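Undergrad: The lines below spell out each chain.
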Amino acid sequence: MVSLREVCGIIIFRWVPLIVLLCVSARAVDRSNFKTCEQSAFCKRQRELKPGRSPYRALLDTLELSDSRITLQLINDNNKVRLLLELYRLQGNMTRVKINELKPLKPRYEVPDVLISDPITETLSVVSQDENSLVLSLGGKDQRLIVSAQPFRLDIVEGPQVLVSLNSRGLLAFEHLRARKDTSISHKISSTVGSMWDSLKKEEDKPGMWEETFKSHTDSKPNGPSSISLDFSLPGVEHVYGIPEHADTLKLKNTDGSDPYRLYNLDVFQYELHNPMALYGAVPVLISHSTDRTMGIFWLNAAETWVDISSNTAGKMMFGKILDFVQVSSEAPQTDVRWISESGIIDVFIMLGPKPADVFTQYASLTGTQSFPPLTALAYHQCRWNYNDQEDVKSVDQGFDEHDIPYDFIWLDIEHADGKRYFTWDPSKFPQPKEMLQGLMDKRRKLVAIVDPHIRVDNGYKIHNEILSKNFYVKNKDGGDYEGWCWPGNSGYPDFTNPEMRAWWASKFAYEQYEGSMENQYVWNDMNEPSVFNGPEVTMHKDALHGGWEHRDVHNLYGLYVQKATADGLVERSGGVERPFVLTRAFFAGSQRYGAVWTGDNAAEWGHLKISIPMCLSLGLAGISFCGADVGGFFKHPSAELLVRWYQAGAYQPFFRAHAHIDTPRREPWLFGPENTALIREAIRQRYALLPYWYQLFYNAHRTGYPVVRPLWVEYPNDVATFSIEDEYLIGKDLLVHPVTDEGATAVTAYLPGKGEVWYDVHTFQKHDGEQSLYIPVTMSSIPVFQRGGSIICRKDRVRRSSSCMENDPYTLYAALNSQGSAEGELYIDDFHTFNFEKAKQFVHRHLSFSANTLSSRNLAPDSQFSTASWIEKIVIIGGSQPSSATLKNAESALEFEFDSTLAVLTLRKPGVNAAADWTVILR
Amino acid sequence: ILLIFLGTPVEIQRPRGVPLTKKQFYVENKPFTCLDGSRTISFDRVNDDYCDCKDGSDEPGTAACPNGSFHCTNAGYRPMFIPSSRINDGICDCCDTTDEYNSGAKCENTCKELGRKEREVLQKMAEITKEGFLLKQHLIEEAKKGQQEKQSKVTDMQGNKKQLDEKVEVLRTVKETAEQPEKEAKERHLKAWEAIRLEKDKAKMAEAFLELDDNADGFVSVSELQSHAELDADADGTLTETEAQGLMGGAEQVDTSTFESVWPNIKDKYHSEVSREEADMSCLVSSEVPFGQKVFFLEKTVVKLCVLLIFFKAININIEKELSFDFGPDAEFTYLYSQCYELTTGEYIYRLCPFNRVSQKPKYGGSETNLGTWGSWSGPENNKYLLMKYDHGTGCWQGPNRSTTVKLTCGKETVVTSTSEPSRCEYLIEFTTPAVCQEPANTDLSPHDHEEL
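Residue numbers (full-length UniProt numbering), protein chains in the order written: chain A, 1 to 924; chain B, 1 to 453.
In case anyone wonders, no lab produced these hints; they're calculated from the structure.
Computed from a predicted structure; not experimentally measured.
Cβ coordinates follow ideal geometry from the N, Cα and C atoms, glycine included.
Incorrect hints may have been included.
With the C-beta cut set under 7 angstroms, the calculated list includes, among others, these residues of chain B facing chain A [claimed, not checked]:
| hint | residue |
| --- | --- |
| 1 | PRO83 |
| 2 | ILE91 |
| 3 | SER324 |
| 4 | GLY328 |
| 5 | PRO329 |
| 6 | ALA331 |
| 7 | GLU342 |
| 8 | TYR348 |
| 9 | SER423 |
| 10 | ARG424 |
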């Protein structure tokens with residue numbers, strides 16, 4: 001909800017011309033506000049280094065082996081600086097490689113709080129060793145980790161296959177910390193101790209090592225150069241994914257000849273599509289996939305990071321010991337990946353798969369799984385910058401009822417607070433917040449109010465005064481409180497990396513602290529990149545200080561901490577009972593544990609609607625399932641057609657929220673004529689009917705780390721045709737969605753995967769074979785969605801005005817049969833909002849299966865307990881044959897049924913059994 | 001309707017959620033045919049919490065059908081239909097609580113209270129409407145009178161103008177015949193000619209003043225000047241307040257005499273509506289410098305008559321402009337013309353001048369913003385006089401031009417009751433006036449109890 005443009009508005013009106021020059025930019029992103037690799041000194045230095053023989057050598061005689069790890073030293077033969085290499089074999093088929101300076105001048109930053117615990121290690125044993133290599137067993141199917149000493153490289157092989165090679169292109173580069181050289185002294189040295197000059201020469205200062213200026217901002221760099229880089233080669237791989245957030249294709253592009261993908265959380269005004277520029281969040285996780293294997297690389301570093309991707313041919317870089325092990329076809333494709341970060345250490349997790357699901361499990365074992373949101377958060381959200389006042393909130397709420405459109409949440413943006421002082425209410429617009437919240441509660445609805453991390457510097461503001469007195473603000477390089485411009489004007493930025501500060505922040509959400517708040521009020525953290533309007537690249541100066549660490553080290557982590565502290569606050573205010581819901585714009589690896597993210601300030605353009613799919617799929621691959629884009633587009637005014645199509649697409653994305661910029665005309669769903677109102681109503685209703693399925697998927701995502709929405713290749717890893725598809729996707733594994741994202745579309749072509757599989761149109765029950773491209777004529781009401789033959793999906797077809805109103809409603813089971821005439825699915829039920837499912841095992845988890853004409857419900861969690869009022873009202877079996885009788889075995893009672901012979905749809909009338917019960921229906 | 005009242009309302013036996021008007025279709029223990037005729041089911045499947053009929057008619061009292069509706073009697077208030085999805089959803093929708101019979105929601109019967117309140121409101125409304133309607137009759141009468149006066153004025157003036165026109169023509173002919181090319185005389189009279197030119201300029205100036213003085217208060221104000229965007233100095237399309245004030249030598253407003261000092265600043269750019277609309281300054285236009293005493297004298301006379309003509313025209317145009325407005329079917333909105341109404345809110349003073357413009361001025365100083373000039377009536381087709389649209393106001397930063405919708409409701413007083421900005425740069429003003437009061441219908445305000453049970 002932000003942008004430099006608005007900033008400018010405010011600056012022009014309030015603070016006179018001082019900064020006006022900053023903001024002349026108009027409609028599209030002003031690229032010149034953001035660095036290219038060339039303009040980022042360390043990226044430029046690193047990228048100038050070309051593949052070749054690595055100057056690093058492993059000193060095998062320094063090998064130390066313990067149960068959990070081995071260490072050995074590396075030396076750079078150019079400058080004799082030694083590094084310490086640590087290798088770990090981690091439980092679940094992962095290898096961790098850490099490289100730090102053996103004796104750094106001062107400690108280098110190691111990212112805390114992202115891993116959920118110390119990963120469990122397994123024994124690494126030495127299989128063989130000679131003068132130039134070390135072979136370690138990774139267990140499993142003859143998996144080996146081969147350390148080659150000179151030049152240093154690592155190869156992970158399985159049998160005769162190289163899975164991944166590190167430093168095989170010699171791009172390991174570790175800028176060791178150094179004292180700043182006085183140029184006069186170095187001059188003296190060079191004239192007196194001539195012989196040392198050669199090695200010292202390598203240490204020659206390059207521009208930007210000790211100071212860097214971008215636009216009007218100077219980065220003082222008191223610690224000098226500290227960047228790191230390492231290359232990875234993936235033989236046999238042509239498809240790599242992940243490293244969100246970029247407004248780009250799902251399959252990552254080759255970056256030869258363009259900038260690398262950049263990971264640096266930034267508030268980008270009116271971002272452009274299809275380029276590698278950094279956006280609001282960063283997850284340094286890359287997934288590789290081929291028909292043979294799926295793997296992942298998790299580069300645990302929170303500093304500014306660039307990732308180069310290039311295509312290569314395998315075999316070019318194979319030599320030495322490695323050739324004893326492997327067969328290499330020089331024709332085989334290969335993808336090379338190179339990571340470059342500005343500071344910190346190399347700490348990389350290689351997730352060896354081999355299947356997509358294994359990689360998700362592996363990554364989840366490191367950084368945790370998606371938080372399990374309260375059901376209501378999966379429903380529809382109505383947002384706008386801004387709902388003006390209490391009266392406005394009330395009338396929008398009424399509007400939904402008048403037009404019989406369900407919604408769960410109404411949102412308040414920055415204007416609700418008193419002078420952008422978060423945790424307060426504008427006294428004239430929101431004089432009685434509790435009255436407003438109670439009004440919503442009476443309708444079983446909720447509200448989100450924004451709380452941003454920039455704090456108005458104002459000694460009449462309690463929050464500011466407390467932060468000041470507790471010394472919780474981030475400091476500038478000189479030790480004073482860091483100040484920058486944001487919505488409230490001059491603002492301070494609390495140091496969220498400080499656990500004490502986070503605890504204090506969390507306590508501010510207590511009902512008695514946050515005046516006017518109530519239990520149906522949730523929170524939205526925006527601008528937490530952090531956004532600093534007058535800072536370099538609209539963010540914080542890298543030489544600002546978080547305790548002993550520079551902002552440079554922690555930048556990409558800041559947003560995660562803001563959301564974590566906020567989510568903690570929501571949990572605490574309920575005494576640990578209620579699940580929180582917090583939306584964030586900035587994120588990092590691990591952010592999935594704290595709530596939802598959205599794709600920031602998009603625009604009402606068809607391209608933005610289209611890109612929302614790969615953007616959220618990429619996030620899902622990197623662990624963050626709870627993703628959505630502003631429905632309708634944030635900037636600009638959508639046509640009715642675009643708005644309708646966006647609702648239809650958004651209804652099938654995990655986080656479903658409409659949002660709009662303050663300068664756009666109002667766009668509540670009923671403002672575009674009765675026809676469009678009806679289309680939007682229908683799209684939202686489809687979402688509500690499917691909430692049980694979404695909820696069950698989120699429960700499973702929470703347990704396993706599997707993404708809720710998935711690219712097709714995740715479920716069809718051997719079907720090459722799926723590898724680049726990004727205009728359709730799977731929800732779970734059973735629903736395939738191909739939203740209409742083209743203006744004036746009269747048809748879409750959907751690829752239905754799976755040889756021998758069948759798919760059913762969920763609206764018409766029409767059956768289609770798998771492994772085909774299906775031409776689907778569409779009208780304005782079409783949302784092409786298909787259910788996989790072989791699945792059972794539970795829906796609540798009684799759609800009401802909010803999800804809470806539907807909690808006790810009965811389920812309808814949709815069993816779509818595969819070609820063997822069977823199907824299976826799950827049903828998950830709990831209280832929909834507390835942690836009791838976890839703490840007290842209060843939930844229902846059923847396995848539903850249909851085979852040999854018998855449909856039954858079996859308990860998947862016998863040690864759990866929960867009673868639900870919900871029952872099974874209807875069973876729809878699609879793709880079967882007409883039985884002569886249907887019997888509910890429990891009651892030995894005959895069920896009435898109807899059979900539509902043209903579509904082969906059998907409808908069993910009112911089984912009436914409780915949804916938590918064991919039951920069986922037999923068809924004869 | 002004849003119903004027997006037994007003190008307390010008695011539930012007439014019919015399935016839950018069925019209105020009395022449809023009772024006949026639900027006959028106990030007889031097969032039920034869906035109201036769309038699509039199928040017939042046994043009566044025990046009515047309201048059995050399973051949807052059998054496509055039209056939802058078998059489940060009037062449960063939430064089973066997605067398209068069903070539930071009828072609540074709401075004795076003491078108004079009966080109503082609610083979507084079946086609101087049955088037992090934990091939210092009290094029917095004031096008689098009948099929609100929440102199995103949800104655990106604690107609903108109280110509020111029908112009596114609601115009925116009482118509604119009657120009070122209706123009563124009040126009726127009083128207002130009644131008085132308002134009376135006032136409206138006065139307004140209509142006055143408007144009619146005024147209109148007649150103005151009409152006759154126009155007719156008079158048209159007569160006068162015609163006479164003048166004729167005189168000018170005669171004189172012009174005389175002059176033209178008298179004109180002989182005498183070169184030396186030309187030089188001599190150049191100086192005198194200058195005086196005539198000044199007089200012509202004065203005539204134009206007077207005309208401009210009349211035209212600019214929109215509210216005819218004898219002063220030209222900054223905002224009045226702002227309506228002439230062609231005077232914009234920096235050519236950015238809008239004449240800001242500061243720019244306008246600059247043109248007026250720093251004054252907030254000028255009268256006829258001080259306007260003389262303003263005129264030189266604006267005369268080159270000023271577009272007269274008269275000249276634009278009628279292009280009839282012809283009597284002032286003579287291409288040649290006249291010479292010869294007689295000719296000169298004649299020219300002077302012509303110019304004087306011309307000035308008179310222009311004054312007539314200007315007044316006439318104002319009146320004609322007024323007469324051209326749509327002041328409602330009975331001219332009941334005439335009285336709003338050339339009036340302004342203000343409302344002061346927390347931050348701003350809003351000013352509505354009907355048929356002219358809407359503006360907003362910060363309470364504590366700052367420039368006035370034009371929220372739109374009179375556009376048209378824009379109410380719904382059945383009564384377009386319920387909404388006024390003002391548009392083409394000051395442009396929004398990177399957005400559209402400001403516009404205002406004025407919503408008129410019946411009231412005894414003419415007053416702005418509220419202002420808001422529902423969407424950026426789109427304002428809404430609520431305005432009460434007797435002019436929209438409808439003739440009170442002979443409504444019976446007794447309780448609804450007897451309407452239906």
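Undergrad: A separate judgement is required for each hint: does it hold in the structure or not?
TA: Status of the hints after comparison with the structure:
At a threshold of 7 angstroms, the smallest CB-CB gap from B:PRO83 to chain A is about 6 angstroms, leaving the interface hint in force. Given the 7 angstroms rule on beta carbons, the hint for B:ILE91 holds: about 6 angstroms separates it from the nearest Cβ of chain A. Interface restraint check: B:SER324 against chain A, minimum CB-CB distance 32 angstroms, threshold 7 angstroms, status violated. A cut of 7 angstroms between beta carbons decides the hint on B:GLY328: the least distance to chain A is about 29 angstroms, and the hint is violated.
Because the beta carbon of B:PRO329 sits about 29 angstroms from the nearest beta carbon in chain A, more than 7 angstroms, this interface hint is broken. Restraint check, B:ALA331 versus chain A: the minimum CB separation of about 35 angstroms is more than 7 angstroms; hint violated. Hint status for B:GLU342: violated, given a least beta-carbon distance of 19 angstroms to chain A, over 7 angstroms. For the restraint placing B:TYR348 at the interface with chain A, the shortest Cβ-Cβ distance is roughly 12 angstroms, beyond the 7 angstroms limit, so the hint is violated.
Restraint check, B:SER423 versus chain A: the minimum CB separation of about 4 angstroms is within 7 angstroms; hint holds. At about 5 angstroms, the closest approach between the beta carbon of B:ARG424 and any beta carbon in chain A falls short of 7 angstroms, and the interface hint on this residue holds.
Going down the numbered hints, you'll see the structure goes against 3, 4, 5, 6, 7, 8, while the others check out.
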